[in-house]
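If you read the protein sequences in the order shown, they are chains W and F. For the first sequence, the numbering used here begins at 1 and goes up steadily by one. For the second sequence, the numbering used here begins at 1 and goes up steadily by one.
Keep in mind the hints are simulated off the structure, nothing from the lab. Only a predicted model underlies this, so the values are computations on that prediction, with no experimental measurement involved. Among the hints, a few may not be true.
Stated by the list, open to error - Dumping the calculated DMTMM-like pairs for lysine to aspartate or glutamate here, alpha-carbon to alpha-carbon at most 20 Å:
| # | chain 1 | residue 1 | chain 2 | residue 2 |
| --- | --- | --- | --- | --- |
| 1 | W | K6 | F | E67 |
| 2 | W | K148 | W | E206 |
| 3 | W | K46 | F | D68 |
| 4 | W | K309 | W | D228 |
| 5 | W | K2 | F | E98 |
| 6 | W | K78 | W | E56 |
| 7 | W | K40 | F | D128 |
| 8 | W | K6 | F | D68 |
| 9 | W | K249 | W | E214 |
To be verified - Sample of chain F residues with no beta-carbon within 10 Å of chain W, all distances over it, derived:
| # | residue |
| --- | --- |
| 10 | L11 |
| 11 | L31 |
| 12 | I41 |
| 13 | T48 |
| 14 | R62 |
| 15 | D68 |
| 16 | I76 |
| 17 | I77 |
| 18 | A79 |
| 19 | A80 |
| 20 | I84 |
| 21 | V192 |
Each residue gets a CB set at the ideal place from its N, CA and C atoms; glycine is no exception.
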Amino acid sequence: MKQMLKLGFTLAAFAVVACFLLALVNNITAPVIAQQQIEKANAGMKTVFADADSFEEVTDYKPSTDDAITIAKMYLAKQGGTVVGAVVQVSGPTYDHATILVGLDLKRTVTGMQFLELTDSPGFGLKANDPSYKTKGGTTFYDQFKGKNANDGFVVNETFEAVSGATITSKGVANLLSQGTYSAGEYLAEKFGGAASSGDAPSAAEQPVLFTFEDAVQDICGTSVTEDVPFDSSYYPHNMLIDREALVKNADGAIVAAAVEVSGQTYSENGGSVIVAVDADRTILGARIVRLQDSPNLGMNTAVPSFYKQFTSKSADQNLRPGTDYDVVSGASISSDCVADMVKVAAYEAAVIMEKHGGKTAPAGSAEYTLNEHYQEE
Amino acid sequence: MVKNNKLAVFLNGLVKENPLLVLSIGLCSSLAVTTSVFNGIGMGLGMTFVLIMSELIISLFRKQIPEDIRLPIFIIIIAAFTTIVQLLLNAYMPALSEALGVFLPLIVVNCIIMGRVESYASKNTVLDSTLDAIGMGLGYTWVLFIISLVRELLGSGTFFGIRVLPEAYTIGFFSRAPGGFFVFGLLTALTVGISKKAAGKKGDAK
């Protein structure tokens with residue numbers, strides 16, 4: 001027993017002395033280490049705001065107007081105690097994902113931009129953060145933003161140069177910059193007399209919308225009264241599958257349009273389905289996407305309103321060609337053309353139904369339409 | 001050779017019983033951090049400091065430390081000095097502490113320290129233990145220096161971060177783990193070869 005106590009006390013004595021020693025050293029080094037950490041964080045921010053000598057974190061800033069983009073942190077950049085600008089940390093989607101640090105002065109001029117994180121394809125999107133990749137202006141991709149005024153906007157190949165072969169990434173970065181500089185600029189304008197914004201808050205990137213048959217009819221025609229029309233299920237116009245054909249009626253029971261849903265191939269092998277409504281004048285009232293499987297941020301963007309609304313008011317008898325009749329979604333021209341082909345087939349079939357129900361007769365040659373057809377089965 | 005010659009105690013760790021090349025202990029940290037001379041020397045000196053202080057304190061109290069609980073006490077002492085080194089490096093040499101990373105706290109369990117403390121400091125006088133620690137520490141440091149010199153020069157083409165060889169002529173292999181083993185193996189072979197030759201000559205002279 002006595003031996004055990006002795007061992008315990010000896011061990012305790014050594015531990016106490018060691019603790020005391022450590023506490024002493026820690027007391028001396030703790031402030032130095034804390035100072036060093038602040039300087040390290042500041043050094044990162046100094047690369048995007050060289051003129052500032054200290055930074056203060058703030059939290060009461062405006063959040064991003066785009067759900068996909070987060071403004072993670074904002075710091076006021078100070079020079080000798082006066083606020084000279086702000087530094088914001090913004091994360092959001094590019095081709096994959098990026099986190100950037102961007103500095104903005106009181107005139108809304110970008111003082112610098114730096115990637116904290118960028119996940120992308122080597123040789124393409126990653127060139128955005130490659131110090132050896134030079135734009136035509138002779139700077140790196142990220143350095144070219146220095147000196148740009150946020151009020152001029154960040155528009156690919158207008159106010160800045162995209163990384164060649166990585167337009168999507170470049171656009172994604174531009175969205176992060178727009179959100180970050182807008183929030184920082186507004187904060188500075190409100191509290192520290194910074195320059196006002198010349199425009200509205202940056203709009204959120206459009207999200208793809210998928211409709212059901214009924215929702216699509218309601219959205220296009222303003223009525224959801226439909227009467228299904230029997231159709232020949234062994235009929236595959238241009239290798240597309242007709243899913244549903246219906247007459248659309250208004251509240252009085254009068255036929256206002258015919259709606260047809262077709263499925264076809266797209267960029268992805270699972271394909272997609274679109275629904276098109278055509279009125280008695282053989283004019284497309286609207287096209288909506290019902291089903292689509294494609295790459296997020298790319299092919300899926302053929303399901304955003306600004307894409308599918310391009311087909312509204314086009315004639316059911318005209319061919320739909322990229323560039324002349326609609327603008328393709330950038331980075332997804334094949335997906336865009338495939339959706340357009342489905343729209344064309346559905347529109348023609350809908351026009352055929354309308355013709356049987358008092359619609360205009362088809363102009364000559366209307367049935368011999370051609371598609372863009374990226375996937376032609378032999 | 002006079003037994004217990006102070007110089008011999010000191011020189012022992014440098015070559016004859018070099019912890020890395022001859023005793024082959026404490027290898028993992030030495031191979032991991034030797035990608036640059038700066039890291040190699042930093043690790044060597046940090047380790048030497050902990051070794052000297054631990055051996056000194058332990059030999060000082062060797063009569064007070066009960067046999068039954070000597071290992072926990074050794075660990076407390078070694079850990080305390082390791083933490084001190086860690087705090088000091090963090091405060092005054094942040095670049096080095098970042099480069100050494102997890103290998104800095106792992107000095108605690110470095111076999112060289114445990115081994116020397118157990119087999120030498122706990123049985124010898126303060127002066128002998130200190131000399132042994134300095135010898136072992138420097139023996140560890142110079143090997144680290146040579147390995148990192150070769151690896152940095154061939155792997156990155158630099159010396160203390162200053163470019164010596166053009167980047168096109170560097171061999172990436174040396175910056176990675178296999179390069180560490182390779183250089184270490186060559187050094188060990190060289191040391192063993194030389195000491196065998198020396199032993200052979202001595203034998204002839206007799």
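Original post:
Hint by hint, which ones does this structure get wrong, listed from lowest number up?
Top reply: 2, 3, 4, 5, 7, 15, 16, 17, 18, 19 and 20
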